[in-house]
Amino acid sequence: MDIQFKPEDLAFRDQVRAFLKSKLTPAIKDAVVGGHINKELIIQWQKILYEQGWVAPNWPKKYGGTDWDITKKYIFENECAEAGAPAVVPFGLKMVGPVIYKFGNDAQKARFLPDILQSNVWWCQGYSEPGAGSDLAALQTKAVRDGDHYIVNGQKIWTTYAQLSDWIFCLVRTDPSAKKQEGISFLLIDMKTPGITVRKIESIDNQHSLNEVFFDNVKVPVENRIGEENQGWTYAKYLLTHERTAIAGVAQSKKAVQRLREIAAQEMSGGRPLAEDNDFRAKLAKIEIDLLALEYTELRAIASVAAGGAPGPESSILKIRGTEIQQALSELAVEVCGHYAHALNVDAPVGNDYAWALSAKYLYGRAATIYGGSNEVQKNIIAKAVLGL
Amino acid sequence: MNFNLSEEQNLLADSVTRFIGNDYGYDIRKKHVALPDGFDRATWATFAELGWLCVPFSEEDGGIGGGPIETMIMMEAFGKGLVVEPYVSCVVLAGSVLKRAGNPGQKAELIGGIIDGSRLLTLAYLEPQSRFDLFDVKTNAKRDGDRFILNGTKAMVLHGGAADTFVVSVRTAGNQRDASGISLLLVPADAAGVDVRAYPTLDGQRAAEVTFTNVSVPASALLGEEGKALVVLEAVADEARLALCAEAVGMMEKLYQETVEYTKTRKQFGVAIAVFQALQHRMVDMFTLHAECKSLLLRATLTSATGDAEAPRNIAALKYAIATKGQKVAHEAVQIFGGMGMTDEMSVGMYLKRINVINTLFGNGDYHLQRFMAA
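The listed protein sequences derive, respectively, from chains A and B.
With this note's numbering applied, the first sequence corresponds to residues 1 to 389, in that order.
With this note's numbering applied, the second sequence corresponds to residues 1 to 375, in that order.
Calculated from the structure, these hints are not laboratory results.
Just so it is clear, CB atoms sit at the ideal spot from N, CA and C, and this is done for glycine as well.
Take these hints with a grain of salt, some might be off.
Calculated cross-link-like contacts (lysine-lysine; reagent style DSS-like; alpha-carbon spacing at most 27 Å) [claimed, not checked]: (1) B:Lys264 x A:Lys286; (2) A:Lys283 x B:Lys264; (3) B:Lys228 x A:Lys286; (4) A:Lys254 x A:Lys200; (5) A:Lys286 x B:Lys254; (6) B:Lys328 x A:Lys384; (7) A:Lys384 x B:Lys264; (8) A:Lys384 x B:Lys267; (9) B:Lys254 x A:Lys384; (10) A:Lys6 x A:Lys72; (11) A:Lys237 x A:Lys61; (12) A:Lys254 x B:Lys328; (13) A:Lys109 x A:Lys179.
Under 8 Å between C-beta atoms, here's a sample of chain B residues computed to sit facing chain A [said to hold, decoys possible]: (14) Met1; (15) Leu5; (16) Ala278; (17) Gln280; (18) Phe337.
So that you can see chain A by itself, here it is in the shape it has in the complex:
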């Protein structure tokens, strides 16, 4: 057993650190910490990553990715989060991109991949529907073939950033008579196509990220279908496995611990900084211990893959525990902020410049245990696949 990284990995880490130090601007970093990161700043950052050739570490090199092994990918994700870089928006780079280079034809690859890499086109994900949440395969949005086109009718929901997106990748039902996983196709749809309506969802964090997307006789060229008709579920599952990587969010949670300490040093309780309060410190320590465990669980999975194997069964807990720890930290953050956590920040910050951002993060963070396969669904999967129940 050896917990040290190899010299070449340490050299790579130094290279990433030097890059982040010179290229990650204070404006971007402050926006991440302050919770007011926006599309413009994210694009700015993604273009910097693109110029470095690092925007899509998971992609094969021939499509514009890297040839990094899993250890390097881990180091890169970790260093970016530690430096306070914004997370790349996953829908293009981490979701539809890999599906296109894996299952798309040459024309699709040439047409879509460069714009994803250069952040010229924003994507959103058309998976969930009002009647298809954790039971995704129950989706009802219909696509009926009409010559060179599909006519799409139906509704998607919880569509993050649909209001900012140029394209949407959708799961649609093309064979209503087949078993529910078997009649699904994977379509790429231009959001400017007539018949698409985006409606904002008022979410509990008072921010606008979630939407409903309605399709009313939307004409989609057949050439925008990925792979075979009725094979969409296979591609969707591939995408979901991509979604799972780095889902533990260890580096982000470590940042959150640091941030909590800083704020607890400023917030007073009983005439002294909350950071000195034993009950508060014990609450934070318990979460930190869980985080130490999570970090090693992730490293065990990475070491196993780096050695040419599959991640061990313990890796199945990363999503569950990662999101639970994120939530525990954000719950504690709201507690630390006291009354100002509950002031609705409309135009300018009330009281201080951090409470509102932490409060919004806490509220939006409730979704972490719901999306990507709810934690209860994850437990069903572990019960079946790992415990043989």
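Go by the hints and put chain B onto chain A.
The following block gives chain B in isolation, referenced to the frame of chain A:
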């Protein structure tokens, strides 16, 4: 970075796993528990023959130079088998004191005796009032020419009834709770004035209250420097914590696995109870708690093996996690086994009791949470 065992470590793991699997079933363990010493001397001799008693000692002292990783490998397997032989008290505790503080003569005689199985030592470090403070020592030893005269009581001396020699923490200077002034003395169990009241503990193991009344030992019984034993005891305690937590992680693995198997065979309402989602999710939680503790065990063990400055903090985190998550897994197992979990016929209850003992030894969860926060 890798978590693979070396070739030698694999051989050790295979040998101990095979023994526990083939020769140390729960029924055999029950027989050992019922023996006068609470363990089987013949099995102990087998441990010596298999080379397990020499693992943590340096090659110079007759061992194989094993470290925290080798101890972890053995203790995880011992945990699965609920081994009652005195590995922790003799090899880990007394052995660790000897290797850290013994002079060449003491090492040759006593480590040699531990390794060949002829000597059984244990560490008498607890007192009725000391709880988790290793420095809280009332038992005193006064110089009398070239001898020490001991008076006082040591509590819950692990395997105290079977040991031939006690390594005793005594106060040779200062007050009851002073960090300095603590020394370690070797005291034969049959010395005049030594009273041993042996008793079983709930986990099927043995302990003893040992009282010293004007017990006289030669100055050569001193282990290490006079008055400076606390640093030795603290290092030994961290080694013991790692060993005990590895044992607990082994037990947690068995607990979730045995529970899963049991639910596949136990039928209620006409079906195997394994199909109930309420139980499935609880078993997934047990699996998760084990995986977390295993990760913390690796973290604490590997950082200890490399002498990383983070090691003491990682050990505190591990001990806290075992105290909370380990006990939780055992409680869940008893719950899911239902009435059967309440019987001594099944091993789950015994795992619960052993985990509770481990959680108290060398600091409970609260103690280690504070230690983690202070680190």
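Tested hints:
1. Only pairs whose Cα atoms come within 27 Å are accepted, and Lys264 (chain B) paired with Lys286 (chain A) is rejected, the gap being roughly 34 Å.
2. For the hint linking Lys283 (chain A) to Lys264 (chain B), the alpha-carbon distance of about 38 Å lies beyond 27 Å, and the restraint is violated.
3. Taking the CA atoms of Lys228 (chain B) and Lys286 (chain A), the gap is near 34 Å; set against the 27 Å cutoff, the hint is violated.
4. The suggested pairing of Lys254 (chain A) with Lys200 (chain A) is violated, with an alpha-carbon distance near 33 Å, which exceeds 27 Å.
5. The suggested pairing of Lys286 (chain A) with Lys254 (chain B) holds, with an alpha-carbon distance near 25 Å, which does not exceed 27 Å.
6. Between Lys328 (chain B) and Lys384 (chain A) the alpha-carbon distance is near 22 Å, which keeps this suggested pair within the 27 Å criterion.
7. For the hint pairing Lys384 (chain A) with Lys264 (chain B), the CA-to-CA distance comes to about 12 Å; that is within 27 Å, so the pair holds.
8. For a cut-off of 27 Å, the pair hint linking Lys384 (chain A) to Lys267 (chain B) stands: about 19 Å separates their Cα positions.
9. For a cut-off of 27 Å, the pair hint linking Lys254 (chain B) to Lys384 (chain A) stands: about 19 Å separates their Cα positions.
10. Only pairs whose Cα atoms come within 27 Å are accepted, and Lys6 (chain A) paired with Lys72 (chain A) is accepted, the gap being roughly 11 Å.
11. Between the alpha carbons of Lys237 (chain A) and Lys61 (chain A) the distance comes to roughly 23 Å, so the proposed pair stays at or under 27 Å and holds.
12. The suggested pairing of Lys254 (chain A) with Lys328 (chain B) holds, with an alpha-carbon distance near 26 Å, which does not exceed 27 Å.
13. A threshold of 27 Å between alpha carbons decides the hint, and for Lys109 (chain A) with Lys179 (chain A) the separation of about 30 Å lies outside it, so the pair is violated.
14. Restraint check, Met1 (chain B) versus chain A: the minimum CB separation of about 5 Å is within 8 Å; hint holds.
15. For Leu5 (chain B), the shortest C-beta to C-beta distance to chain A is roughly 7 Å, which falls under 8 Å, so the interface hint holds.
16. Below 8 Å, beta-carbon pairs count as interface contacts, and Ala278 (chain B) has none with chain A, the closest being about 11 Å; its hint is therefore violated.
17. Evaluation of the Gln280 (chain B) hint against chain A yields a held restraint, the C-beta minimum of about 4 Å falling below 8 Å.
18. Interface hint status for Phe337 (chain B): violated, as the beta-carbon distance to the closest one in chain A is roughly 16 Å, over 8 Å.
The structure fails to meet hints 1, 2, 3, 4, 13, 16 and 18 from the earlier list, while all remaining hints are met.
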